[in-house]
Amino acid sequence: MSEYARMKFYCDDERCIECNGCSVACDEAHELPVGISRRKVITLNEGIFGKEFSTSVACMHCTDAPCEQVCPVDCFYIREDGIVLHDKNTCIGCGYCLYACPFGAPQFPKDGAFGTRGVMDKCTMCAGGPEETNSAKERELYGQNRIAEGKVPMCAAMCSTKALVVGDEQEVSKVYRERVASRGKGVQSAPYGWSTAYKN
Amino acid sequence: MTNHLGDIQNAKAIIIFGANPAVNHPVGFGHFLKAKERNNAQIIVVDPRMTKTAAKADLYAQIRPGTDIPFMYGMLHLIFKNGWHKKEFIKDRVFGMDEVMKEAEKWTPEKTADVTGVSKELIIQITTAYAKATPGTLIWAMGLTQHTIGSSNTRLAPIVQLALGNMGEEGGGTNILRGHDNVQGATDMCCLSHTLPGYYGLSKGSWGYFAKSWGVDFDWLKGRFQDEKMMSTKGYTLAKWYSGVLAGKPGEDKIHGTPLKALFVMGNGITSISQQAKVKEALDNLELIVLADPFVNEAAILTDKQDDVFILPAATQFETSGSVTATNRSAQWRSKVVDPMYESKTDHEIMFDLAKKLGFYDEYVKGMLMKENKKEFTFPEDATDEIARIIKTIGLTGWTAERLKKHQENWHMFDEVSLRGFGPMKGEYYGLPWPCWTEGHSGSPVLYDIHRPVKEGGMGFRNRFGLEHDGVDLLAGKGSAPAHSANKDGYAEITAKNIEEVLGITLTADEKAKIGKNWKVDTSNIIAEKCMEAGIAPYGNAKARAKVWTFPDPIPMHREPLHSPRPDLVKEYPTYADKPNHYRTDTKYASVQNEKDWSKEFPINLITGRLVNLNGAGMENRASKYLAKLTPDMFCDIHPDLAYEHGIRNGRMMWIHSPEGTKIKVKAKFSYSVGSDRVFIPFHFAGVFQGKDLSDRYPEGTAPYSTGESANTVTNYGYDIITQIPETKGGLCRIEKA
Amino acid sequence: MNRDTQKALSTKVGRRSFLKMAGIAGAFGATSMVSAAGVTRAATEEEVKNPFPGSKSVKTVCTACSVGCGIIAEVQNGVWVRQEVAQDHPVSLGGHCCKGADMIDMVRSEVRLKHPMVKEGGKWKRISWDTAYERISSKLKSIREKEGPDATIFLGSAKMGTEQAYYFRKFAAMYGTNNIDHQARI
Amino acid sequence: MKKLIAYLLGTALVRAGEQISNKVPLAMSDGGASRGENPLASSQMLQNILQYKDGFGEQFVHFQTEWFQPLFMYIGIGVLVVFLLHYLIIGPKRFSHEGRKFYIFSLFMRIIHWIAAIGFVLIVPTGFMMVFGDALGGGALVRNARYLHSIGTVLFAISLVPMFLAWFIPMLPTLDDIKWLFIAGGYLSKKKREIPAGKFNAGQKMWFWLAMLGGLVMIATGALMYFQTVDVNQLLQYVGITADKDQIEYLRLSAIVHNFLGMAIAALFITHVYMAVFAIKGALDSMISGNKSEDELKHLHSSYYKKLIKQEEKSSQ
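Protein chains in written order, with the numbering used here: chain A, 1429 to 1628; chain B, 4 to 741; chain C, 20 to 205; chain D, 28 to 344.
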């Protein structure tokens, strides 16, 4: 395990300005149907000075991912670098992963039989799926496989203020610590959402 | 923008008036946030609405719309009183500050608080925070300009910076965030009714210079106009062109010129300018409408005109190449990505083709052939070089196509914070921010910076208005010339006459023969080259004018908006007298303001602004499903308290009525970002007019994914006294449940 | 329920490559490829590196706002297939807001105007460019002759390139009017 | 819709509703939830991350990973084993189908019953298929099972109201039921004797009430999981209940309830099938023809039989 990077997301709410760049970059990069937003930007306390803040939420690619645990058909698999992926051919669209997910990440398009809910779709950290790497089939089902190309996932790469950071846990933690330190405002133990996602 | 976005990271304090970079320039705002992290810079926001920018601010003042001048005077009052101003700087480099000081004395914190609606304590807190942290940068955008006193606003803001000595400093300056991608470039090229490219005026001299530079006969050019007088007469503006059509109708503003019959629009969302009802009426009354756009220009949807409305598919900027000037005066080269899609044609192709049909094609393109006496031109490269050859006023000489392309190819070789180049780009700043005086010049990342030599971007203030006024020297004081200058003091703009004296050089006879009359028309570029060697700014080194003696208000004065919620203050700060022949149309001021107490019937302030997912009239963004889904409907931000008074529920429809009798039907969206005395509406929607859905009027397959009421149907009458920019940020309205 | 993650990994992930990545705040870290043994055919270098074989990258600039963010467009056979990230651009560092992230969609939008049209008797009618030019210019000419050059107004755009804007101003000048303006007025 | 409900429920509730919708949500940039769109995409998502441990999320994960599949397995296998043993050891009851027949079930009721029956035949096995989806390898097979599960539910839902209205009076508990329970319906002995029971015995009543009330809950929870974005708070508001739990919590709770209740229903369904098809030979016939033989009726529904005879005597007098 240690040989590989452990990929994590971190959204800096001091920097996130709800520009929706990440969300649209993702929609666009993977050409998602309109009903799907793999990544969402959420603002709390809008309009209240001193209290408003925004953050970008998507699949966090959790350690011991609960979605993977509850899936009744075992369609999930976790790569050694921690990226949680799933097989759309196996998925039955039951929605259990959504119930298990603390981050509300799994999405369900209305493209199943008779316009019913189809199989689950979620952030792949731009790592595609089980189909052949960079094949047309993979792109159609899961979107781009930027990780295979050695590229940064689209949302973080296009984040306007570099609030959204992705990468190896060590690197992300470093960025986080640097920012906390330079702001000089007390040290939070870990980035927002990490204790839920990564149990540390 | 005097500085640039990366330079904001050098600021120790950032004050933002009427701008919302977090929404309008998100990537630019990243630099603001970095300033906060790296420099512990305080971000101060003064805005009628708690914007996304304010959400990241340390201090925020919810100002009453249209009272920026009182607020800034309130700041100046405290600055002068506490002696926080830079006395040396003012003495050497500013003209007329004493009168500003006198006016500022009146604006005590109490007085300011009363007018602006911001508490006295907060004004003091903000001023202290801002004045004490230098360098501080001052940011503004449309929130400051779109007022009847917009031009005064934009003068007082730099005055604050001058008083604090923040001009010409890294991390300081007045940084105006332009809207569209190439507002700066298009403005520099002066698609404006009162200037020629490069801000050359409409005088006979300017026309003569251009006729010569375009390689056409001046008399031919003159013959194209109605007469020589009209050649030097300002035209109608985008803001009020409708008056030119509606002239003569009862109740309409009188015009001074030919009534308009034909409209040719290329890439302009005229459904997003104020007085939409009038715009619609004007469109209906035209004989010919031509709209060239990649998407349907919604003017075609708005109008009831049944015939002779042409829509031409124009290519996007990704289907052509050329340069684009960013907000910081940097030029970037756009390479063509794909060929124009479908049957669309590039903008210039359409213009060239029409010029052929109208019979002036040869004259039109001749300027591109002149430099090397070519037979054929390549667009845009030869046009870029043509511009570089002609435009001296803002120093575009250095912007050759070759250099701009090299910058683009090497954009990774520039520093984020200073824009300074490395390696092959050493000695140049990214995009060669103008003035870029010569083909070897580095570009000027920070305007009016005297800490660096002219050839590395240094300069003083421009000498433009004579050498003295009322017996006061207008040239800069002793020792305030840019670094390494042959002349350490103030000096006049460089002409053929004074060049030898100011630079302390002697020209050869050959040079004397070639040299132009002055630096603005010196196509030989000898003046600029010599100036660089001597460390002299060709445009002189003068004082900045705090007082503009030719303006209606020589120093900026507060005047209430035409529709003010404070009738008591209207008496104290009345607007201007009506202005006749303002860009060919009579423009009303006092007569509107005094017509009645508007605030009785229309008690709510109406503010408009942008959304992050849309820009301009919004057509190109609403045509994207991903962007349209973020805001599927036109809405109105309304405080729950206000909504409750009117029985309006969250997510339900409401009407907004304007003093002009127009109305729009929009969805109410509860928000605390506005107080209960104002509402906010975004201006990107069109396709619905006063409650009537016009979506069946789109040609098949061209309707955007979302349509809505245009905010500018209800923005109030009112135009800036100098520029005729419409007052969209300081009007009144009445609301009711729909 | 017991999950055999190990099994899933070895069968499903085997043929892809992992990398240590530092995709952080603009730093496009060096990617060290540590590949695992393949069960099926290993993806070729080209397949892994480039899902759009033979495409070229074009540097250009976003048209949304005046910040001037860099865009790298991947073009394959004359089609803009992907909007790439200009992570090394000195102002934007690859960043985009939602509008910028969606530039490719603007160009490829299905609701773009596809051909010239004219409204006749309240109905939109498709016409050729030649017809459009012919009709517009003859109408302009007749208005110009009857009412003078000042009866026409040209509204240009801050979305044009600088050269185009310059030529737009020149167009009005040679048409013979100062009735020209653009968005800087608002 | 709201107007209709207002009419039905009276104005007091509407006023309560108005107060709710005028209540200002603290976070209004919620991806459209305040505009009546997907409640799953609301700003509540953020709080949900923090409150994950306090809500049903972890419990759902716990139940789903540790309990549901084994329990379903035990129930499935257990019930089958018990009945197999019962069949082998005690054996089925046989009644004479000669002689007199009593017309017990009208055609309408039989149709209703069979609609429900088809529904259940679809629902229960497909439910099991989903629970053991991993063993089946997921994919189209299990996905289609999920669709069938929904279709079965529609059939069941159609039958629910008429069945309830027609049978709920005879299904009310009586003293006989206690006696029936004491002797476990007589199924533990081979002896043929009269079992105390009305038209329906206590076992049938249990099944009826579980199928009706439990079924209602199953339909509600299932429908919520199926439609996912139907705003529960909004629905509750229509019936005058103020609640502000987040949608995802309702979904999680639904999943938990649906599974546990599903086990009980599945168990009784199997029982019902076993009884009708195997344990009492010929019992099925009464749901086909509507007739029950006198022998069967006399023994298994003795009280009802007596009542019928008494009525007969009365009418013949």
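No lab work stands behind these hints, which were simulated from the structure alone. Hints may be right or wrong, so weigh each one.
Covered stretches of chain A (in silico footprint by chain D; criterion: 3 or more residues with CB under 8 angstroms from a CB of chain D, positions within the stretch not fixed) [unchecked claim]:
1. 1438-1446
2. 1490-1499
3. 1516-1526
4. 1530-1537
Just so it is clear, CB atoms sit at the ideal spot from N, CA and C, and this is done for glycine as well.
Item to check | Hints violated by the structure (numbers, ascending) | outcome: The structure conflicts with hint 1 only, although it agrees with all the remaining ones.
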